[in-house]
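Protein chains: 2
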Amino acid sequence: MGSNELNFEGWVCPMPLRDYPNIILGHGGGGKLSAELVEHLFLPAFRNEQLEGLGDAAVFNINGARLAMSTDSFVVRPLFFPGGNIGELAVNGTVNDIAMSGATPLYLSAGFIIEEGLPLETLGAIVTSMAAAAQKAGVRLITGDTKVVDKGHGDGVYINTSGVGVIPEGVHIGPHRAQPGDVVILSGTIGDHGMAVMSVREGLAFETTIESDTAALNHLVAAMLAVTNDIHVLRDPTRGGVASTLNEIAQSSQVGIVLDERKLPVKTAVRSACELLGMDPLFVANEGKLLAIVPAAAAEAVLAAMQAHPLGQEAAVIGQVVSQHPGMLVAKTGIGATRVVAMQIGEQLPRIC
Amino acid sequence: MGSNELNFEGWVCPMPLRDYPNIILGHGGGGKLSAELVEHLFLPAFRNEQLEGLGDAAVFNINGARLAMSTDSFVVRPLFFPGGNIGELAVNGTVNDIAMSGATPLYLSAGFIIEEGLPLETLGAIVTSMAAAAQKAGVRLITGDTKVVDKGHGDGVYINTSGVGVIPEGVHIGPHRAQPGDVVILSGTIGDHGMAVMSVREGLAFETTIESDTAALNHLVAAMLAVTNDIHVLRDPTRGGVASTLNEIAQSSQVGIVLDERKLPVKTAVRSACELLGMDPLFVANEGKLLAIVPAAAAEAVLAAMQAHPLGQEAAVIGQVVSQHPGMLVAKTGIGATRVVAMQIGEQLPRIC
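For the protein sequence lines, the chains are A and B, in the order given.
Read in order, the letters of the first sequence correspond to residues 18 to 370 in our numbering.
Read in order, the letters of the second sequence correspond to residues 18 to 370 in our numbering.
Worth flagging that the hints you see were computed from the coordinates, not collected in a lab.
Hints may contain errors.
[Said to hold, decoys possible] A short list of chain A residues far from chain B (calculated; beta carbon distances all over 12 Å): (1) Arg-83; (2) Ala-127; (3) Gly-134; (4) Ile-143; (5) Asn-177; (6) Val-217; (7) Phe-223; (8) Leu-294; (9) Ala-318.
[To be verified] Not close to chain B: a few residues of chain A, all C-beta gaps over 12 Å, as computed: (10) Pro-61; (11) Gln-152; (12) Ala-239; (13) Pro-282; (14) Asp-297.
[Stated by the list, open to error] Covered stretches of chain B, as calculated for chain A (at least 3 residues, CB under 8 Å): (15) 83 to 94; (16) 124 to 134; (17) 142 to 152; (18) 196 to 203; (19) 294 to 303; (20) 340 to 347.
Being a predicted model, the structure only gives us computed values, none of them experimental.
For each residue, glycine too, the CB sits at the ideal point set by N, CA and C.
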C-alpha cells in the first residue's frame, strides 16, 4: 500500500439518531451528532430544494434577483470575552453565513431572549456593539423581537440573527461545487475564537491574551469576487472548525480533500492553549476566517486579493481537492505521514458561538 | 363636559428606562416597558428608516420588488398546550407578522435553542408540527440552526423564526396609516390563546377546554386584499392583546380609537377564565386573529370577505378611528360609559407566545 493510500476497513457508521433518546450537548457541536439531527430529523420534515442545498445560506429568487437567507442563534458564555462579545458575534456570524454564498449581505433581524435580571447596562453594551458591527459590515438591522424568560432559564441573553443578501450575477458558490484539482485557501490563523472563549472559561492565563477573531468577512469576499467569479466554495469554519467544515464540503461535493497540516497558520498562544487542554486547533471554532475552494488557475489571483485585504493578510493555500477517497478529509502531518481527519461525534468546545 | 369627553389631567408619563436597572419580565410583555426598551435602547442604537416603521415586519426593496421581513422568538411554556404547540406557534407567528404588512409570506428560517436532555421524540413532534403548519400556510422553511444549552439553562426549546414575503403592487399597509373615519374590524374571538396556555399552567378546568387559536392568517389576508387594496392597517393582537395593539396603532398614526366593548366576541369559557384570574380579555394574547383598519367605504366588502373565510367567520366591526384624543384608545363599556384603555406597564400573562 502506497503512503498516500489509506485503509478504510474497520470504519464505523455514525450512530443513528435513535441511539440517543435525548438531546445532548454534542447535538449542538457541529459534528456528526449535529449532522445526524439535520439528516434524520429536520430534513425529512421540511424537505425542499433550498434546504437540501445545506449551505450556510439558502438561496431563492425574487423578481429575477437571487437572494440568500441565513439564520444563527448565539448562546456563548461568557457574554463578553477577549476580542468581542455576543452582540458583534451575532451580527458578524450571520453576515458571514450570507457572504459565504457569495451574496452581499443587506438586512438583518435580531431576536433577543433575555433572562430576567440582566442589567440593562449589559444589554445596552451588547446592542451598541451590534450596531457598530452592523455599520462596519455595511448591513442594516431592520426588525427585531424581545422575549424575557424567568431568572435561571437563560444565560443572560441569547441572540438570534437572521439576514438576507443578494447574490451578484455570475456568482455560483455552494458546498457541492468543489472539484478535483481545486485548491483550498484559508484566510488566516485558526482557533483564535474558540481558544479565546475557552481560556476565559477555564481561567487560563498566557503571556499574550488570546483574542477572538470575530469579524465580518463580506468585504473580503467582495475583494475576492472582484478578481474572479470562479470561486467554487466559500465557508467560514465556525463550530467544529476547519476539520468539520472541510469534511462537510468533501461529503457535499463527493470529493476527497487533502490538507497539509504544516501550512496551517496557528498563533503560538493558541497552540499552547490547545496543547494544555488537549485540543486540536483543526476542530476549534473561528469567527473571522474563511475557507475558499477555487480552481487552480484562479488560486494565485484569489490569494493575492485576500492577502491585500486586512482580514486575509495571512491567507495561505492549505490543501487540494482530489478524486480519491470521496467524502473524506485526510491530512499530511508535520512528520510527513497521512491521517484521516474524521468529523467528531459531538464537540470539543461547548457553546463558543 | 360631555359624556364622550375625557379628562386627561393627572396622566403620568411612562417611567423612563433608567428607573429599572435590570431586565424584568415586563420588558417582554408587549406593554409600556417593552415599548420603552425599543424606544430608548434599540431604536437609538440601530436607527434606520425600516426599523422606525415599527411594523410587525420591516419593508425593503430588491429589484423593484417590495419585501417584508420579520423575526419572532417563541419561549412558551408548556411546549404543548390545548390547540397547539410551540412549533406551529413559531411558524404561524412569523407568517402572520409578514402577512400583516400585506405581504405574501414565502420563506422562513428556524433557529432552535435546545436544552440538553430534551427527548428527541418531543423535538420530533414539534418539528413535524412545524412542517405541517408551514405546508398549511404555503411557506417553505429553507434554512435553520440548532444550538444546545446546558440542562437548566433553557425551557426544553426556544424557537426563533424569521421570514420574508413579497408585498403585492398597490398594497400599502402600515401602523401609521389609520385615519379618522376609518373602521376597526376584528376577525374573531379574543383571548383564546392566552387563556388556553394560562389555564394549563394554572391547572384550571372548565366544562369546555379552551384551545389556542394559533393559525396562519395569510390566506385570510389574501381574501381581504382580493376585494380591495384599500386596507390601511393590519395587525395581529398577540402579546398585550387587542388593547395594546390598538394603543400602538393610535400612537403610530396619531389618531384616537374608540372601541365598542359590547361588540367584542369573547367565548364563554375564556370570559370565565379571565374573571377567575382577574384578567381583562382585551389584554390577553391571540395567535390567530387580526385587526384591520379600513376606510368606511371599504368596510362592508372587507367584512364580507372575512366572514366568508374559515378564520374570519365571527369578524365584526368593533370600533372607529377618530380625530379626538390622538394616541389614545378609549372604550365604550357595556353600561354605556367611556373609559380610557391605557397600555399596561408590564404584562398580564408571562410568556405565552
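Here's how the hints hold up against the structure:
1. The claim that Arg-83 of chain A is not at the interface with chain B is violated, since a C-beta of that chain comes within 12 Å of its own (minimum 10 Å).
2. Against the 12 Å criterion, Ala-127 of chain A falls within the reach of chain B, whose nearest CB is about 7 Å from its own CB.
3. At roughly 5 Å, the least C-beta separation between Gly-134 of chain A and chain B is not larger than 12 Å, which violates its mark as non-interface.
4. A cut-off of 12 Å between C-beta atoms contradicts the statement that Ile-143 of chain A is not in contact with chain B; the least separation is 10 Å.
5. With a minimum CB-CB distance of about 4 Å to chain B, Asn-177 of chain A fails to clear the 12 Å threshold, and the non-interface call is violated.
6. The claim that Val-217 of chain A lies off the interface holds: its Cβ sits roughly 17 Å from the closest Cβ of chain B, which is beyond the 12 Å cut-off.
7. Distance check on Phe-223 of chain A: its Cβ is at least 26 Å (rounded) from any Cβ of chain B, clearing the 12 Å threshold; non-interface status holds.
8. Every C-beta of chain B lies more than 12 Å from that of Leu-294 of chain A, the closest at about 19 Å, which supports listing it as non-interface.
9. No Cβ of chain B comes within 12 Å of the Cβ of Ala-318 of chain A; the nearest lies about 30 Å off, and the non-interface call holds.
10. A cut-off of 12 Å between C-beta atoms contradicts the statement that Pro-61 of chain A is not in contact with chain B; the least separation is 9 Å.
11. Not every beta carbon of chain B lies more than 12 Å from that of Gln-152 of chain A, the smallest distance being close to 10 Å; the non-interface claim is violated.
12. The non-interface label for Ala-239 of chain A is consistent with chain B: the shortest C-beta to C-beta separation is roughly 18 Å, beyond 12 Å.
13. At roughly 28 Å from the closest C-beta of chain B, the C-beta of Pro-282 of chain A stays outside 12 Å, upholding its exclusion from the interface.
14. Listed as a non-interface residue, Asp-297 of chain A keeps its Cβ farther than 12 Å from every Cβ of chain B; the least gap is roughly 21 Å.
15. Only residues whose beta carbon comes within less than 8 Å of a beta carbon in chain A count, and the stretch 83 to 94 of chain B has 8; three or more means the coverage holds.
16. For the stretch 124 to 134 of chain B, the stated coverage by chain A is satisfied: 10 residues place a CB nearer than 8 Å to a CB of that chain, which reaches the threshold of 3.
17. Residue count for the stretch 142 to 152 of chain B with a Cβ under 8 Å from a Cβ of chain A: 5. That meets the three needed, and the coverage hint holds.
18. With 0 residues carrying a beta carbon less than 8 Å from a beta carbon of chain A, the stretch 196 to 203 of chain B misses the three-residue requirement, and the given coverage is violated.
19. Residues of the stretch 294 to 303 of chain B lying with their CB closer than 8 Å to a CB of chain A number 0, which falls below the three-residue condition for coverage.
20. With 0 residues having a Cβ less than 8 Å from any Cβ of chain A, the stretch 340 to 347 of chain B misses the three-residue criterion, and the hint is violated.
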